[in-house]
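Note that the protein sequences, when read in sequence, are chains A and B.
221 is the number that numbering that gives the first Met the number 0 gives to position 222 of the first sequence; each next residue is one higher, with no gaps.
9 is the number that numbering that gives the first Met the number 0 gives to position 10 of the second sequence; each next residue is one higher, with no gaps.
Derived by calculation from the structure, the hints in this document are not laboratory data.
Note that beta-carbon positions come from the ideal geometry of N, C-alpha and C, so glycine has one too.
Check each hint, because a few of them may be wrong.
[As the list claims (entries may be wrong)] Footprint (simulated), chain B over chain A, 3 or more residues, beta carbon under 8 Å:
(1) 9-16
(2) 29-43
(3) 74-88
[Unchecked claim] Some chain A residues flagged as far from chain B (calculated, every beta-carbon gap over 10 Å):
(4) Thr26
(5) Gly152
(6) Leu269
These are the residues of each chain, in order.
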Amino acid sequence: MRRSDVDAAVLRQSRFVTFDGSLALSTDHQRPDRYRHLEVDLGARKRIARGAGLSYAAASFGAGVVVQEMTAFNRLLAFDDQNHTIKVEGGITLERLLAWAEPRGLYCAVLPGYPLITVGGCIAADAHGKNPARDGTFCDWVEAMTLFHPRRGFQSITRTSHPELFGTTCGGFGMTGVIVDATLRLSPLLTRNVRVRSIATESLAECAGRLQQESAADFAYSWHDGAARGPAFGRGVLLLGNWTEDAADEATGAYAPMSSDQRGRWPISLWNRLTVRSANALFRRMAVHRPSQVKTAFDAAFPFARQTLYHRFYGRRGLAEAQILVPDAAVPAFIAELSALVHMVDPPLVMMSLKLFQGRQHSLSMSGRGTLFALDLVRCEATRRFLDALDRVVVSTGAQPNIAKDSRLGADTATRALPFHAQFRARLMQLDPDRLYQSELSQRLGL
Amino acid sequence: MTYLVVGGSSGLGRALAERFARAGHPLVLVSSDLRDTRALAADLKLRHQTPVIPVVLDLKTPSLGFADIDSALAGLPPLAGLLLPAGVSRPDDHPSQSPDAFDALTNANYTALGRLIGHYLPRLRSAPSALIIGFGSVAATRGRRRNAAYSAAKRALQSYFESLRHALTDSNVRVQFYVLGYLDTNLSFGQRTPLPVAAPDQLAEVVYRRRLVDFGVAYYPRFWYAVCAVLRALPWAVFRRLSF
Chain A
0 MRRSDVDAAV LRQSRFVTFD GSLALSTDHQ RPDRYRHLEV DLGARKRIAR GAGLSYAAAS
60 FGAGVVVQEM TAFNRLLAFD DQNHTIKVEG GITLERLLAW AEPRGLYCAV LPGYPLITVG
120 GCIAADAHGK NPARDGTFCD WVEAMTLFHP RRGFQSITRT SHPELFGTTC GGFGMTGVIV
180 DATLRLSPLL TRNVRVRSIA TESLAECAGR LQQESAADFA YSWHDGAARG PAFGRGVLLL
240 GNWTEDAADE ATGAYAPMSS DQRGRWPISL WNRLTVRSAN ALFRRMAVHR PSQVKTAFDA
300 AFPFARQTLY HRFYGRRGLA EAQILVPDAA VPAFIAELSA LVHMVDPPLV MMSLKLFQGR
360 QHSLSMSGRG TLFALDLVRC EATRRFLDAL DRVVVSTGAQ PNIAKDSRLG ADTATRALPF
420 HAQFRARLMQ LDPDRLYQSE LSQRLGL
Chain B
0 MTYLVVGGSS GLGRALAERF ARAGHPLVLV SSDLRDTRAL AADLKLRHQT PVIPVVLDLK
60 TPSLGFADID SALAGLPPLA GLLLPAGVSR PDDHPSQSPD AFDALTNANY TALGRLIGHY
120 LPRLRSAPSA LIIGFGSVAA TRGRRRNAAY SAAKRALQSY FESLRHALTD SNVRVQFYVL
180 GYLDTNLSFG QRTPLPVAAP DQLAEVVYRR RLVDFGVAYY PRFWYAVCAV LRALPWAVFR
240 RLSF
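Could you build the full structure based on these sequences and the hints that come with them?
Structure (structure tokens):
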């Protein structure tokens, strides 16, 4: 145990790893469980808040940075029955929040893909759910927050009381301070299950077009075969979900939570040409064979919670994900260039996914309307070459990368591709002039 | 039946509060920082629909008043038990520490708890069935150069609980004392513990399940009973060389 003075932070050295397995390092780790622990003077030490640590990129740790794990701050604080708003501490997981909300007929309209992601993490990354075009992003549903910064102490803020600080915190990846609590607007939960329809599609373009037609669905996204080449490139399945009163097809029990560290335990990657081709073929066959099934709200919102093999298969080497928001007008050109690049480099692409997207924040999160392309690849040299080339396509088509997913994205691409990067940087220099809140992600992006 | 949880803001205190609230018991939570207990009280009320009232009280101070706790208890069902997981330690707790620091540790870990028990004992005696649970530490097994005042206070508390149990042997008040090994709390975070840390919520479950059992003293985890027996039996010539 190390303490620099009597009431100083209790720190220990811990090892942190990104979910994609690209970066692991040891650094000082603080695990506050009382409010006064947040106020402990860390001097000029760089620090960053951490929730579940499931970000693909190193958004919650960095070399020489004190990681302030907020998981003990996971309580419900206040509920407004009239307006359906719930105030929660930032370290609460979506699972814990939903366990309280669902029996009361309430739900979060925006849920990213894993139940252990924290509310603070959702705000910091401005996470999105299964139909961002309709529901927006997580921060669209945040009414207020309490932030802690050593210079300002605990500060309660809203979009109207502190527009600049609020806007910089939403999608600000923790760089404005610790999100101590947040007030969220919940949606009515009319039913407990989701009917998911699977529709086979033959190309990315076809799927993107179908998504535009089905934009009113409660859940709308696609999966595409990463192994397919030639005319079959981009074939996939469109997955459309709507709330239903029908009973779920399968009874499901508890799931086994998986951390970033656990994801990369297997020493080798089991994704190779054969397994990728086989898995994708099996998935498509199953989807086509069962074009309609009823899932619980949990399984529909968190499809990978009970299916951890997909991510474990990447092994210790890890995966690389690129998630790119392409403006509507640029989608055909992007698909053409993506296809050309895939065929030229032939990277170990496992799967792709599309969603329609709308982001309204003006920070580091994706902003504007378009189609969100996600590509999952096995981490290797060919993937690096492919993604470096894809960066040029991103910039040339006016697309935006999701910095929470791409752990190798550099400052040059970020500066050119993120529309509010320069304004964010300027605001950050005013809000945190000593740049106390940093991570490997912020340092890599020149922030 | 209402329970008073002293030291209820984090770690074991929080775990106990959550377990007893989950069982539907109204609670009064006492800690030195209202922010923590207010947050916990709000959470427990929202999740379990049971009344939980936070009260601030700094056990380190020599003059203690229980008026705020009495006021909180007044609106709740009768008091049925005291859960006393409170504990304070300092890294500079050695025999040459300042008098103020020594007093603060002794108050927080022993004196204040004894006074609190004395204040609420009449109320507990008149209850049909009541419970007083204290928590000590394996650190009190034998005096070391570190945690001098803390260990002494915890040892005094254990002795006090033995006396309490003896005095209340023919009453409706059950007295239990847990001697705790390493718990996964902020206290042990950062320590290189030679033996495994136990989870507070698992201990809270054990405490709740055994609340009706008249066992006196128990070690948690149980293997610490043997470890402490060995430590006590070590000859001075060996013990003086240990650094832990």
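Quick rundown of the hints versus the structure:
1. Counting residues of the region 9-16 of chain A whose CB lies closer than 8 Å to any CB of chain B gives 3, which reaches the minimum of 3, so the coverage claim holds.
2. For the region 29-43 of chain A, the stated coverage by chain B holds: 7 residues have a C-beta nearer than 8 Å to a C-beta of that chain, and at least 3 were required.
3. Coverage of the region 74-88 of chain A by chain B holds [criterion: at least 3 residues with CB-CB distance below 8 Å; count 6].
4. Distance to chain B confirms Thr26 of chain A as a non-interface residue, since its nearest Cβ pair spans about 13 Å, more than 10 Å.
5. For Gly152 of chain A, the non-interface assignment is confirmed: its Cβ lies about 12 Å from the closest Cβ of chain B, beyond the 10 Å cut-off.
6. The claim that Leu269 of chain A lies off the interface holds: its Cβ sits roughly 33 Å from the closest Cβ of chain B, which is beyond the 10 Å cut-off.
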